[in-house]
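Enquirer: Line order of the protein sequences matches chains A, B, C, D, E and F. If you read the first sequence in my numbering, its first letter stands for residue 1, the second for the next number, and so on. If you read the second sequence in my numbering, its first letter stands for residue 1, the second for the next number, and so on. If you read the third sequence in my numbering, its first letter stands for residue 1, the second for the next number, and so on. If you read the fourth sequence in my numbering, its first letter stands for residue 1, the second for the next number, and so on. If you read the fifth sequence in my numbering, its first letter stands for residue 1, the second for the next number, and so on. If you read the sixth sequence in my numbering, its first letter stands for residue 1, the second for the next number, and so on.
Each statement offered as a hint is correct.
Cβ-to-Cβ under 10 Å is the rule here; a few derived chain D residues that face chain A:
hint, residue
1, E45
2, A59
3, I63
4, P86
Keeping only pairs whose Cα atoms sit at most 16 Å apart, straight-line, the calculated EDC-like set for lysine to aspartate or glutamate is:
hint, chain 1, residue 1, chain 2, residue 2
5, D, K43, A, E44
6, A, K179, E, D71
7, C, K88, E, E64
8, D, K241, B, E211
9, F, K43, B, E44
10, C, K58, E, E93
Treat the hints as calculated values from the structure; they're not laboratory data. Just so it is clear, CB atoms sit at the ideal spot from N, CA and C, and this is done for glycine as well.
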Amino acid sequence: MSQKTEKLIDKKGLRLDGRKPDELRPIKIEVGILSNADGSAYIEQGKNKILAAVYGPKELHPKHMALPDRMVLRCRYHMAPFSVQERKSPAPSRREIELSKVIREAIEPAIFVEYYPRTAIDVFVEVLQADGSTRCASITAASLALADAGIPMRDLVVACSAGKVDDTIVLDLMDTEDKVGSADVPVAFMPNLGVVTLLQMDGILTQEEFENAINLAIEGCKKIYTLQKEALRAKYISVKEVEE
Amino acid sequence: MSQKTEKLIDKKGLRLDGRKPDELRPIKIEVGILSNADGSAYIEQGKNKILAAVYGPKELHPKHMALPDRMVLRCRYHMAPFSVQERKSPAPSRREIELSKVIREAIEPAIFVEYYPRTAIDVFVEVLQADGSTRCASITAASLALADAGIPMRDLVVACSAGKVDDTIVLDLMDTEDKVGSADVPVAFMPNLGVVTLLQMDGILTQEEFENAINLAIEGCKKIYTLQKEALRAKYISVKEVEE
Amino acid sequence: MSQKTEKLIDKKGLRLDGRKPDELRPIKIEVGILSNADGSAYIEQGKNKILAAVYGPKELHPKHMALPDRMVLRCRYHMAPFSVQERKSPAPSRREIELSKVIREAIEPAIFVEYYPRTAIDVFVEVLQADGSTRCASITAASLALADAGIPMRDLVVACSAGKVDDTIVLDLMDTEDKVGSADVPVAFMPNLGVVTLLQMDGILTQEEFENAINLAIEGCKKIYTLQKEALRAKYISVKEVEE
Amino acid sequence: MSTIVVRVKQKQIAQLIDKGKRLDGRGLNDYREIKIEQGIIEKAEGSARVLLGKTEVMAGVKIETGEPFPDTPNEGVLTVNAELVPLASPTFEPGPPDENSIELARVVDRGIRESKAIDTEKLCIEPGKKVFVVFVDVYVLNHDGNLIDASALAALAALLNTKMTNYEIEDGEVKFKPGYTELPVRKHPIAVTFAKINDKLVVDPWLDEEQIMDARITITVDDDGNICAVQKGGSGYFTPKQIFDAAQIAREKADELRKKLGW
Amino acid sequence: MSTIVVRVKQKQIAQLIDKGKRLDGRGLNDYREIKIEQGIIEKAEGSARVLLGKTEVMAGVKIETGEPFPDTPNEGVLTVNAELVPLASPTFEPGPPDENSIELARVVDRGIRESKAIDTEKLCIEPGKKVFVVFVDVYVLNHDGNLIDASALAALAALLNTKMTNYEIEDGEVKFKPGYTELPVRKHPIAVTFAKINDKLVVDPWLDEEQIMDARITITVDDDGNICAVQKGGSGYFTPKQIFDAAQIAREKADELRKKLGW
Amino acid sequence: MSTIVVRVKQKQIAQLIDKGKRLDGRGLNDYREIKIEQGIIEKAEGSARVLLGKTEVMAGVKIETGEPFPDTPNEGVLTVNAELVPLASPTFEPGPPDENSIELARVVDRGIRESKAIDTEKLCIEPGKKVFVVFVDVYVLNHDGNLIDASALAALAALLNTKMTNYEIEDGEVKFKPGYTELPVRKHPIAVTFAKINDKLVVDPWLDEEQIMDARITITVDDDGNICAVQKGGSGYFTPKQIFDAAQIAREKADELRKKLGW
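In isolation and in its complexed conformation, chain A is listed as follows (with noise of 0.2 Å):
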């Protein structure tokens, strides 16, 4: 987060894509997309454009790394090289193994890790684009590619970034409002508990802001549910079409 002097909310309090500060980038969520997972889904949040697969529950190598009373989660976080403006080594960066760990963290408060002891389940998250908060929304598209796998879950989990730019408290940021804001503030939610299961912030806020950005990245992970639950849906539905 470094501040510069260029303005990121213009005079009617519109953000530079044209964005209220409450307002969601266009989401567009399919699920299943992948035929060789065992579950997948994909989410484009504005100019974002990422994938998630699961593979598992399966067998564990090596063996000892396995657990006698519940399932092995495993999570990477990848981009692609061409996924960002400068061209990004395919090796794992310190940021992505920092990502994966805090992705798995979220998303394993929802899943019943104790049904498949002694097994492992893979999350693979894919970038093809990213264009700010990438995070959460790996997260959205990582929980319904576990619902996909059919994984016994608590609830679905659901992640939206708040941040601060130009002194305003705004939903779901941008590339842009990332990297020049004031702070970013990633929030990932399980709507059905009221819990979050991963947070972060960098930047500088106060308490109020910071609670007020909890609680308005809570909102967007609210309305994204809707959008979630809606492409399980679409996939369940179109699956019975094709059986019948």
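For this one, chain A is given, so just place chains B, C, D, E and F on it according to the hints.
Expert: Using the frame of chain A, we list chains B, C, D, E and F on its own:
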């Protein structure tokens, strides 16, 4: 392959090193020259100097990599740092990794892999000096090392390149012809069965030139095959002499 | 070792830090200072600050690495990035890998490795600040950490360097003497048995100088051995005091 | 699927091929349906997504400045990389490129390079010092067989879609200007892969066919019907006649595909 | 300890926390004893050793010259690295940084960076070309829980202890001169970590608490009481209220620590 | 060989050494037959192949230009690397250098470096900026014991065989001219390795001896009879007297070898 103005074939139709288009470079082959390996062979072809060694059949670690109905053939093609004009880093390059694969796949058709289930054979090729068409000379040597190790084989595999330089189809490309010529076609062959086990090509050839190049390479293979068998016989004779 | 014009011994026969040729640097040793390790020791020798820790005997993974008739001793010598003038990358250097090996081989003769078949012991050495002869101080600390972990040993191993600076054989080289002097001879010693377990040398020495240097280093070892035993006793006493 | 079901299916595939038929209804020399979408990654200079049946491959092109190779000081640099990302198949593992992804990248690279598809001399900024480096990243998203042909199509489609920002040289530095120029692509190399099953060759094998094939051969053909790259793979073999026939068919198929795709 | 003893102890810890107490006698929002020693590594430009109970962390600062990032040509560069050295815990393995050490380094880095603790513009030597690079190496020597707070304290203490050799520019080269200047540190970000156990939050968890916690949250606070970095960890969750309360407490604890340490 | 046969043989080796004899008929201080061939790799600036009994080592020298080390701005750079290539022994594995190959390279390096065998000041092109870098690559082709001595011989023989292309400086660039100059090698350090078996020291151990030795010690000696590098290896120990005696013998053997080889 990049075309330059240099003349690769002179007015008399002779090549840079004085060879006729369908002439092999001088070849020297020795079998069984390393005392530790289960089988070994050394080949000089032009300035190529290449060692091949075989270890196995042996147990495979980790065990879950072993196959219940056949042996696993592994192959490493590697160049010494001093084998080429510019010092080569000893870490395997992408080229070496690809060549290891195609060499393995060129040799494997000759081996009765089903005779030794759950085991592994390692083929190690070290290029001590490289002078064009090293993959072919490596295959010629590696199959002798396998024979020297007593691995049951359908036939020896023998390899030779052909290519196009200055509009002429020529046999057994040396370094400059490989780099400056207009096409390179390495071929591995099993003479008894009359089949091709390695084929690659880069450059530009018409259908007719392509067929001619392969046919010429096969003729080269047949000549080298005679040398292979002589080298095996020489080893066998000298071993018998020692024993008597 | 590169010779420069700088004077390393002054007219009074004193060294850069005021020591006489056969004088050790100030040494401070503490045993059992890390709560997680099974054994640990800390040494300051001049500006050297080094921690050693021991974990084990413990099970070995993967299991086929275990030895049926003895334990496996493993050792890692590692320098903190801030321990030297120019920041050192945390990845192990070739020097660190060699030193890990010679330190392990200096310690191993003291351990009754046959008492714990199929197990492993890990010795971890961290150089927090380096000031010449770190491998010697590391061995002195590591053998205390082993004793602190209750590993049965034939004797403590103690180490000290000698060397040649400005035509004089001197004891316990500090950084500048190591770098600018004309020879460095690190020696590890088991006083009870009177045997040398580590010996390296670089520089140029006559046979006589070489013998003198080793003899001087052994004298140094004997002095440090007294400090080692005191440090062990101090730990033992303070533990008893706590227990009482 | 259980192992038994798999075996039965494999037997069926092989038996049908013996009779000149394929389980999915194709003729021996037929490609699966090909769908190509270009320009899908706005942040890349060029991009394309190829569906070859259920095999899905993406390619993205990024252009940076760098140094030329010493032996070609006047030419830009082409770098092809391929990732078998683990979401594409249960057999793909995360980690550095293995021999399969390296072979894939190098075969795609060879087709583009040897056919001189890109006019690399137009990518020179300052001879011997600065040139454009064209990175083609092939990204396999779903593996249902014949990754080579799908990747070669994706790479070429992405290159054909590539726009380079205009620039001028100011004090030895590259300054970008408004406007775009297309990447100078002058050839359209097409890779045609055959699987050998029961001693018969079939074009564009799908995954089930690949699992029972003895060997494969890829023949890449340029716009003039010349062969510009060949790669045999797998632990089987071919007779010379099979190879010559394959080359002939590859030249026909390449021509057919080029027409169909308007290249 | 045997597994059974461990389980009994864990149960005890959880039951006590339920009653607002902790096994080591602390209140829920109490830190363990903090000892800080600065300047212990003379060869480093700055250094500090922090004891947080039995958790021991060292930090060393090295300063080198290097290139600025293209988007901040007038600013020096901060690089934080963390090593979980294997002598600190039976669970730490030698090898390249794993996800835990990377997360640790990045959370510490974020606190320093986002609070703008270092006046990086004063580390510029020649805009766009040469700046000072500040390496902060966090070295965990004994792991008894709450590595983040201990590491953040060690990093800050080392930075506050850092002296830069004076220099002047001569013919575009940096020439060092006698004398030192202190590193321009203008903020004191404090990381405050909470563990959630039995739905209650406790400050500064020790290792036994971490082993039974559902999740943790770290809130880093600057001198003005602003929040400058947050990181949730572990596979559990928090209610929004728990987070807001934690932020409030973190701001108080940070203030308290800053006063106690004289920062 | 079966384990029992191996044990019997090892017992025999040890018993014979006890009586001052060796299984292969050598005296305790005898080297195996040494064969050296130089100039076998025409593409390298220098090369040699050494046979020490059945132990076979190759060394190649390549010379490139590079930067000097900051503390020796007027000197060329020597880099020794050793590869235990897997065809040399069933115990060598492919992969990055392990501790054995690193130790081997560093011991060979130390002998050359500390004896000042190469006049590195003659390898300086432009002080502080450009020097020649001498890469010595030691390549072990067959391991039958005493790799250090064989490698040190191979490295030195390759250096003695090294020819540098003539050059002149034109506008700060190195331009190569016709003709060659020999690498300035002025010393001939010889490494002499002893194995300790049954408390006796034997020179030039072969593999079977190495497998039962308690420890080994290598003493490298320059042309003036000075000791220039020492390395103890293995998990045993030596008495000071054993070391002093070994040094004495090493000086004699080095002298002997140097004469025999005409160095």
